[in-house]
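Peer 1: In case you want the letters, here they are:
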Amino acid sequence: MKYLLTGGGTGGHVYPALAIADELGRRQAEAQFLYVGRSDKLESWVVPNRGYPIRFVRSRPFPRSRSPWPLLAFGLVLIWGVLQSSLLLLRFRPDVIIGTGGYVSAPILFAHGLLQKIGLSRARVFLYEPNAHPGMLNQVVGRLAHRIGIAFEEAARWFDMKRVSVVGYPVRREFLEADRAEARRALNVDPDRKVLLVFGGSGGARVLNEALVQALPYLQERGDLCVVHITGKHQSSAYDAVADTRAAVEALGIPNVDRWYRPVEYMDNIHQALAAADLVLCRGGAGTLTELGIVGRPALIVPLPTAAEDHQAANAREMEKVGAAEVLYQRARWKGGQIESALDGSALAERILALLGDEVSLRGMASAAAAVPRRNSLSLIVEEIDQIAAERRGSSPNLEFPLRQGGPPTEANALLRWVRACVDKAGGIGALPERDLAYMRYQADRLLVSRGWCEIPLGRRNVGIKLVGLLDYQAQRDLLIDLLSDRTPVAALPRLMGGDYYHGGILRRNAIEWGVQLLGVADNRTRDVLQRALVEDPYFEVRAAAARMLGQSEDCNTATEQALIEALDDASPAVVVEALGTLGKVATSSHFLSYMKPFYQHVNWQFRQGVVSALAKGIERGVLAPDEVAHEIEHILTSSPHFKPTFDLNESLSALARQIEAEGESPSRGTTIV
Amino acid sequence: MIYYLGEYLQDLDASLSFMRLVDSISFRALCGALTSLLFTILFGNRIILYFYRLGHRDMPRNYLNFSSVGNPSKTYGGPLLVAAILLSIVLWCKVHTGFVLLCLGGVLFFAGLGWIDDFLKVRHRDSDHGLSEVAKLALQGAYCTVFGIVYVTADLTPLPTDVATQLYVPFLKYPLFDLSLLYIPFIVFTITAISNSVNIADGVDGLAVVPTAFVIAVFGVFAYISSHARFAEFLIFPFMPGVGEVAIICSIVFGACLGFLWFNSYPANVIMGDTGSMALGGLLGTVAVLVKQEFLFLIVGGIFVAEALSVIIQDKIGVKWLGRRFFARAPIHHHFQQRGLADTKIVIRFWIVAGILALFGLATIKIR
Chain A
1 MKYLLTGGGT
11 GGHVYPALAI
21 ADELGRRQAE
31 AQFLYVGRSD
41 KLESWVVPNR
51 GYPIRFVRSR
61 PFPRSRSPWP
71 LLAFGLVLIW
81 GVLQSSLLLL
91 RFRPDVIIGT
101 GGYVSAPILF
111 AHGLLQKIGL
121 SRARVFLYEP
131 NAHPGMLNQV
141 VGRLAHRIGI
151 AFEEAARWFD
161 MKRVSVVGYP
171 VRREFLEADR
181 AEARRALNVD
191 PDRKVLLVFG
201 GSGGARVLNE
211 ALVQALPYLQ
221 ERGDLCVVHI
231 TGKHQSSAYD
241 AVADTRAAVE
251 ALGIPNVDRW
261 YRPVEYMDNI
271 HQALAAADLV
281 LCRGGAGTLT
291 ELGIVGRPAL
301 IVPLPTAAED
311 HQAANAREME
321 KVGAAEVLYQ
331 RARWKGGQIE
341 SALDGSALAE
351 RILALLGDEV
361 SLRGMASAAA
371 AVPRRNSLSL
381 IVEEIDQIAA
391 ERRGSSPNLE
401 FPLRQGGPPT
411 EANALLRWVR
421 ACVDKAGGIG
431 ALPERDLAYM
441 RYQADRLLVS
451 RGWCEIPLGR
461 RNVGIKLVGL
471 LDYQAQRDLL
481 IDLLSDRTPV
491 AALPRLMGGD
501 YYHGGILRRN
511 AIEWGVQLLG
521 VADNRTRDVL
531 QRALVEDPYF
541 EVRAAAARML
551 GQSEDCNTAT
561 EQALIEALDD
571 ASPAVVVEAL
581 GTLGKVATSS
591 HFLSYMKPFY
601 QHVNWQFRQG
611 VVSALAKGIE
621 RGVLAPDEVA
631 HEIEHILTSS
641 PHFKPTFDLN
651 ESLSALARQI
661 EAEGESPSRG
671 TTIV
Chain B
1 MIYYLGEYLQ
11 DLDASLSFMR
21 LVDSISFRAL
31 CGALTSLLFT
41 ILFGNRIILY
51 FYRLGHRDMP
61 RNYLNFSSVG
71 NPSKTYGGPL
81 LVAAILLSIV
91 LWCKVHTGFV
101 LLCLGGVLFF
111 AGLGWIDDFL
121 KVRHRDSDHG
131 LSEVAKLALQ
141 GAYCTVFGIV
151 YVTADLTPLP
161 TDVATQLYVP
171 FLKYPLFDLS
181 LLYIPFIVFT
191 ITAISNSVNI
201 ADGVDGLAVV
211 PTAFVIAVFG
221 VFAYISSHAR
231 FAEFLIFPFM
241 PGVGEVAIIC
251 SIVFGACLGF
261 LWFNSYPANV
271 IMGDTGSMAL
281 GGLLGTVAVL
291 VKQEFLFLIV
301 GGIFVAEALS
311 VIIQDKIGVK
321 WLGRRFFARA
331 PIHHHFQQRG
341 LADTKIVIRF
351 WIVAGILALF
361 GLATIKIR
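Protein chains in written order, with the working numbering: chain A, 1 to 674; chain B, 1 to 368.
Because the hints were derived from the structure by calculation, they are not lab data. Some hints here could point you the wrong way.
For lysine to any residue, the following SDA-like pairs were computed, each having C-alpha atoms within a straight-line distance of at most 20 Å [claimed, not checked]:
#1 Lys644(A) with Ala232(B)
#2 Lys316(B) with Leu493(A)
#3 Lys194(A) with Ser367(A)
#4 Lys345(B) with Ser39(A)
#5 Lys321(A) with Ser367(A)
#6 Lys320(B) with Gln606(A)
#7 Lys320(B) with Ser367(A)
#8 Lys366(B) with Ala154(B)
Which stretches of chain B does chain A cover? Using the computed rule of at least three CB atoms under 8 Å from a CB of chain A, they are [said to hold, decoys possible]:
#9 162–168
#10 182–196
#11 337–348
From a predicted model like this one, the values you see are computed outputs, not experimental measurements. Virtual Cβ for every residue (Gly too), placed ideally from N, Cα, C.
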């Protein structure tokens, strides 16, 4: 039998393939393997280390932006990759192709599809999908596969039910046999010490590395701790996982730190580290979580916010729900004009120390974790592969297909609607369960970090800002204020076309209209920034929103009033109208009346309307004397190019519809009538 | 039909020789306009009621309450407009000629596309669930490519072959240069741009029909001149025998637009929907290309150009790229609504501007 394995990019795709290959090789001595991957990804060195031959093809992730150029580049690279793959397939002539997902496997699978069409490839295809939300590639090539193995039942919705079987996540045998005492001996750790394993997935995690180093000073308080830190091999001009971590630790200057802190670049026998650990700090990839479960260790999970379809947070929430782990979310943070996602070291240390101090709940988490995964996953997969290789029809899978759970949608605007529906259903933010609220706020953080403005229809950072307001996320108030007062210019070409700052006009407007409006104008800093925005912001909607929002602030000083009076000279009618209305609400003395005089006969009736409502508010608040105003209103021009016709029939129909609704029978035609 | 009947009858008997009238383009243009006008006015109510009962009603978008009316739902009456145009064309034109067939194809295709769009909106009860922008553009592009190929192929084109691919520009007597095969993409761009701009302009009661009537009237005059050997020679226009049929079609559309305005004037109980606006726009584009006055549309159809540009500037450049707005709302008529102008005022001001632009357009006949 010849097996061609493909899939990769990250450990989540590579390790299942290797585990499958190991098991196949164990059962069939004569089996031949060939791995196909990309020369600059994880598989390029992990696979040869394990003794499998590997060939490289070109491949590229599918661009998620709408811009045509990345799409073109993707197309060209894909065509080239498919040509390379076709040659490989023709030369190797595999009996079975095993794809474990990831864009790396795209060329081979497409090439197989083409060759199969013209009768040159007879290979059987087994696809494996490790995540609850299938990757794009597996969704597309699912129809080529003779059998699709999935780890989570939810993933079945994307595929042809007859060919899907739930197989769980394959892990290497070593994990099943891992033993704590033996592992501690192998790692040379004192049995009495508490071991914290920090492990950012196959590629390492910069955020985890940096946060852990920040947390070390707090962690040293606990004398019996041993931190095993797997940094990953990441190396680029911006960040070198090993060297930067070492430098940061040295800069802290903690005495005797090497006694209890062990940085490791990469660990091939991760099962030993897991077995030795008392608590694991990790990412939320399906592979990592399954391994945790198999070994049965409690974990603090920090999901990767940029994971495709946010699947890591979904995985982590599943673990949290069964009590197998706790989740700590990354936060959005303002850093020199940009928003970045980060983890606060002291918060991390606090959570770690609290967990380590609570033996009972740690034990509970460990046993809950052990109950999660399927242990016979590998043999299930290998049986499936044997079946399709023998070209037998497998027993049709007997599955309860779950309907779509009320989980959060991945698209940003749908997510916003979902959050709003959840808040409404619970009856306010306070009534939401704490975990759900934390998760929703994490969504706000995740979207705030997004670089994208152009994601259709309104950009994702925008939705993040709206969520901050909607969820009353006071901790991010400062970030919104920073965003509002930021003056980082946008690139030259968009500036020429009328763009202004990196955080574009609509974002700034929403920071006021959603953020500040819902968070409230509580402090002086917020009010100062609003005042500045009213006077200096180059975008009219921001100025108008600021003018409106200043009317909400409780105590108003003369500076506010002065800013509003300045805004009466604004070039944009929308701003002037708002400023007039707000003046009526906040002005402390009647002297603003003199600034309103020029608008009495203004050509735009909306200005005059603003004056009238301001006067009414002034009388109501006792700032203006009624007889003073009586003299004024004679001068106000009342003609207007605007009128509101009323359709009697339409109104009586609406009244009828309301009446029917009030009687308790909602009319089926009601919505079309009104 | 009446043309063929008249041709047949005038040879039959001397007493029927007055049937020679059907040879006259101006006579048929007048009759065509009257037919489409009377058809819409007489049958309008019945047809509107029919579509109302079918449930083909507009679902107003409710982003902000900027409309000055309590949003009564209006019936999609595009098929009324299209039926009037098709009927009159079949009655009064030489249907077998290339010019008429190309115009008929344009009306039918664009009306069909618009109808699908309307139908989807009605079925989903949502104005945002019509055909996607990409699908619309792709289908329009496909049709226009076929049209363009017919247009430049010597055996198929109704135009004189030495004129077909020449690029004429207002204010210049002679063609600028010969585009040859590049004329196909030029046609694709012109027709899709014009049809979509009419579609965009159709946002307030009566806003799209009247400027369309003005534009089509101007194109009708140009078509008439080009069809007449002596006028064409005197005014130095390309002489295109047979293009007189386009002049008749223009007057038919003019009549249909007026008839539609009968019901569509503010406050309207019927709107043309995408069926009507796409059909009118597609026909406008086709006519502009057939009479070789594509660039004239920039002047005469200035309203449509402004509407389309406002959308592109607001949406494509502003919101999607720069993250800001340039107008209070787009298309531009919503901007004025937002600024507090009554719908009627906006519409009539747009008519005035369209009328002035039409006069400018007519002036280019002599100022060359």
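Peer 1: Taking the hints in turn, state whether each one holds.
Peer 2: Here's how the hints hold up against the structure:
1. Lys644(A) with Ala232(B): Roughly 51 Å between the alpha carbons, so the hint for Lys644(A) and Ala232(B) is violated.
2. Lys316(B) with Leu493(A): holds, 15 Å
3. Lys194(A) with Ser367(A): holds, 18 Å
4. Lys345(B) with Ser39(A): violated, 67 Å
5. Lys321(A) with Ser367(A): Given pair Lys321(A), Ser367(A) holds - Cα atoms ~14 Å apart, limit 20 Å.
6. Lys320(B) with Gln606(A): violated, 29 Å
7. Lys320(B) with Ser367(A): The hint is violated at about 50 Å.
8. Lys366(B) with Ala154(B): Measuring from Cα to Cα gives roughly 30 Å; hence the hint is violated.
9. 162–168: violated (count 0)
10. 182–196: violated (count 0)
11. 337–348: holds (count 5)
The earlier numbered hints that this structure contradicts are 1, 4, 6, 7, 8, 9, 10.
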